[in-house]
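I would like the entire structure built from these sequences, with the hints used as guidance.
With the first letter of the sequence shown counted as 1, position 82 gets the number 82 in my numbering; the numbers rise by one all the way through.
Restricting the straight-line Cα-Cα distance to at most 20 Å, the calculated cross-link-like pairs of lysine to aspartate or glutamate (EDC-like) are: (1) Lys154 / Glu14; (2) Lys79 / Asp61; (3) Lys29 / Glu55; (4) Lys154 / Asp61; (5) Lys79 / Glu111; (6) Lys29 / Asp139; (7) Lys79 / Asp114; (8) Lys79 / Glu45; (9) Lys29 / Glu88; (10) Lys154 / Asp13.
Label-pair distances were calculated between CB atoms; the ranges are: (11) Asn150 / Phe64: 27 to 33 Å; (12) Gly89 / Glu166: 39 to 45 Å; (13) Leu147 / Asn119: 33 to 39 Å; (14) Glu149 / Arg20: 33 to 39 Å.
If you are wondering where the hints come from, they were derived from the structure by calculation, not from laboratory data.
C-beta atoms are modelled at their ideal positions from N, C-alpha and C, and glycine is treated no differently.
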Amino acid sequence: MPTQNLNINSLLDELEAAIRLQINDRQLKNPIFIGIHSGGAWVAEQIHQRIGSLEPLGLLDITFYRDDFTQIGMHPKVKPSQLPPHLEGRDIILIDDVFYTGRTIRAALNEIFDYGRPNQVLLAVLIERNGRQIPLQPDCYGIRMSLPENQRIKLTGPTPLGIHIETLTCAA
1 MPTQNLNINS LLDELEAAIR LQINDRQLKN PIFIGIHSGG AWVAEQIHQR IGSLEPLGLL
61 DITFYRDDFT QIGMHPKVKP SQLPPHLEGR DIILIDDVFY TGRTIRAALN EIFDYGRPNQ
121 VLLAVLIERN GRQIPLQPDC YGIRMSLPEN QRIKLTGPTP LGIHIETLTC AA
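Written out as structure tokens, the structure reads:
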């Protein structure tokens, strides 16, 4: 399975700059950063530190909110979500590693709204790739790429954080 490496620090720099611009343009007030387990949580930790947010980092496990159990199966390693008790009226920056079909983000938004109605949600992803199935799109990204169906993006971490493009091979 051949892989293509991407420079994670450059992607984080681009994402951080885009988030800072959106915080200013959208006038986000003391936003809560929330990362989606697991890769999105790793990226969120990096961005949270870089931006210097005083709010605790929120972590979200969307396992029970997914709509694709029949395709991917149930993951036995469910992690608890760690969110502030009151999201009502707050500005949120939702962070994931890869935006692909949109289904993960739909599930994350469903869970967030179960905790309360935020003022606004800014969606930031390290990589936006082709393959959207739901009418959602990120507000910020580190890079936008188009990949063939036989390739996937794999984040490794949390320390050191790395990202690779893997080409899947068919078994003969």
